[in-house]
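Chains as they are written, first to last, in the working numbering: chain A, 1 to 285; chain B, 1 to 311.
No lab work stands behind these hints: they were computed from the structure. Remember, predicted model here, so these are calculated numbers, not experimental data. Backbone N, C-alpha and C define an ideal beta-carbon position, used for all residues, glycine too. It is possible that some hints are incorrect.
[Unchecked claim] One-sided excerpt, in silico: chain B residues whose CB lies under 7 Å from chain A:
| hint | residue |
| --- | --- |
| 1 | Asn-48 |
| 2 | Ile-54 |
| 3 | Arg-76 |
| 4 | Gln-77 |
| 5 | Asp-87 |
| 6 | Glu-103 |
| 7 | Leu-104 |
| 8 | Lys-105 |
| 9 | Ile-240 |
[Said to hold, decoys possible] Here chain B is said to cover these stretches of chain A; the calculated rule only asks that three of the stretch's residues, wherever they fall, bring their Cβ under 8 Å from a Cβ of chain B:
| hint | stretch |
| --- | --- |
| 10 | 4-18 |
| 11 | 271-285 |
[Said to hold, decoys possible] Here are a few chain B residues that sit away from chain A, every Cβ distance over 10 Å (derived from the structure):
| hint | residue |
| --- | --- |
| 12 | Ser-44 |
| 13 | Ala-101 |
| 14 | Arg-126 |
| 15 | Asn-160 |
| 16 | Glu-172 |
| 17 | Glu-192 |
| 18 | Thr-227 |
| 19 | Ala-234 |
| 20 | Arg-257 |
| 21 | Ile-267 |
| 22 | Asp-271 |
| 23 | Thr-279 |
| 24 | Glu-287 |
| 25 | Tyr-297 |
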Amino acid sequence: MNRSLVVARRDFENARRSYLLWGVIGVFSILVFLVTALPGLLSSSPIGGRAAVVLITLPAGVLVPVTAVVASYLAIAGERESGSLKILLSLPPSRRDIVLGKFLGRTAVIGVAIAIAFVIGAVVSVLVYGDLPFAPYLLTMGLTALLGTAFVGLSVGLSAATSTRTRAMAPAIGLVIVLGPLWSGIVAAIQFVADFGLSIQLSPETVQFLTVFSPASGYGRLFNSVVLPDLLGGLGVGQIAGSQPVSTTGAPFFLQDWFVLALLVAWTAVPVVLGYLRFSGSDIS
Amino acid sequence: MPAIQTHDLTKRFGRDVYAVDGLDLTVQEGEVFGFLGPNGAGKSTTINMLLDFIRPTSGHATILGHDAQAETTTIRQRIGVLPEGYDLYPRLSGRTHIEMAAELKEADDDPDAVVDRVGLDREDARRKAGEYSQGMRQRLALGMALVGDPDLLMLDEPTNGLDPNGAREMREIVRDHADRGATVFFSSHILEQVQAVCDRVGILTDGTMVAVDTIDGLRDEVGTGSTLTLTLDAVPSVDIADVPGISNVVVQDGGVRVTCTDPAAKIAVIDRVRDAGATVEDIETTEASLEDLFAAYTERSEPSGVTEAET
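Go ahead and model the full structure; you've got the sequences and the hints to work with.
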C-alpha cells in the first residue's frame, strides 16, 4: 500500500509536467468559463447562481471523460513501450502496486483538473450570477470527480492490458466516443434490434437503464435526481439547459441512485482489476 | 546459499523458438560473475526471467534464496538492477529518480552521495532526465541500482553507451561494490569488460551455457595459451617443435611465433634459439584474450538446430 502511494506520488509529479495534459485541462477550463458565463452575460438569470450549477455539468459531462482518458491511457502501456516501466519493476513495487499507484496518481491528476474547472465556475457564479449555492455545487463537483475516476479506471485498466502506445490509443478513443456521443445511438440500435429482430418490446425502464449504463449518462442521471430536485424544486422551474429534475420514487432498483452510483464504481474498479490480471501475466521485455 | 540459482530454466517464444534452453546456473555469494555471449544469445531473456519481467516456460530460479517469480518484492528490496532497454522518466530530475529509488527501497541514502559515487555532476542531477546523454542515463540508472547498498547487483550490459573512460569508471564501481562483500552479476558481449573485473564467467550461446569457469580455467580448458613472438637477427636452423608445452610454431621473416600452453615453455624456447646461435632482438608475449576463448567455444558448441532469438 505504502509502495503504491509512492508510485502514485511520483507518477503525479511526472504527469503534471506534461504539456499535452495542461493543454487539455486548459481547453476544459476555457469551455467551463464560456458555458457558465455567457448565458448570464447575455441575459439575466432568474435563478441566480443556481444556473451556474446546472451549466457547469454540460462541459464537465463531455470533457471530464476526455481529459481523464488523455491523462491515463498511456499510464502503463506508454511506460511499457518506452521502458520506464522497467525502472519501476526493478524496484520493490509489485505489478499490483504499480497498477494501483498509476490509478491513484492519474485520479489525482483528474481531481486537480476538476478542481481548477470548478474554482473557475465558482468565480463566474459569484461575479456573473451574484451568488453560489455552495452545497449543491460541492455535491456536483463530487459527482463529477466520480465520473472522472470511472474514466481513469477504464483507461488505466486498458493501459495495463496493452503493450504499446498505439494499441492503447485505439480503444481509448473508441471508449470516449462509444460511451459518450454514440451511446444514445447504441441504445436506439439495441431497441431497434430487439423490436424488429427479436420482436421484444423493451420497457421504458429497460431503455432508461441502458441509457444510464454509460458512465456519462449515469452521471447526468445522478445529477438530475440528487442535485436538481433540491436546487430547483422550490422554484417550479421545469427544465434548464436540457436538465430536468428526476424523481426515483417507485422506480425499479436498477434506476435507484444507489444502483447508478454502484455502476459508476464498477466502471472504475472492474477495468482496473481486469487490466491488472492481464498485466500480471504478461511478459515485459 | 547461492546468490543466483537456476534449474533447467527455459523460455520458449512461439512454438519452437528457444531463447533460453534448460539453463542451470549458480552464482555464489560474493563473486563477480560475467555473463557473456553474443547479441541474441539469450542473456537478456535470462536476466528478464530472473527479474520476473518475463515468465519461464519451464524451470525455476531463486535469487538470494527467494523464488524469483513468487517473492519479487522481497528480492528487489535486496538487489540493485540496471535493466536492459529501460527508459528514465523524462520530466523528472535525476535526483528525483534517486529519491524515488530510496523511498521504494526504504533506504536512507543521501541522494547527493549516490550522485557523486556514479560520477554524475550535482548540477546535472537537478536537470530533467529527458535532457541526459546516454552516458548520464547509464550513470543515473546505476546510481538507482546502488541505492540501499544491495547484496546483489544485476547489470544488463552496463557499459552500453559509455565512452572508454565511463566504462572504466563503471568497472571500478562494480569492483568497489564487490569489495564491500556484495555479489555482482553482469552481462556483456564485450569481453574486455568482463576480463578486467570478473571472478568467473559463463558463456551463453544459443540459449545454452557452453562454459562456466574462471578466466584462467577457461584458458586452460580451451588450450589457447599465450603467444610468444621472438624477433631474431637470423632464423636458426634448429627444430624447436619438440620443446615441451608448446602447441604451434610459425617460422616467419625475422623470427618465430610460438604458442605456449605451459608458461615455462617460453624460457625453454628462448634458450633453444640462443643455443643455436641466434640473437634475440625483441620478445613479445600476448595472453589469449577472451575473444579467442569465445571464438573457440562458440565454434566448438555444435549447431543444435536451436534458433537464435532476438529479445
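Any of the earlier hints contradicted here, and which numbers? Of the numbered hints given earlier, those the structure breaks are 9, 12 and 13, listed in rising order.
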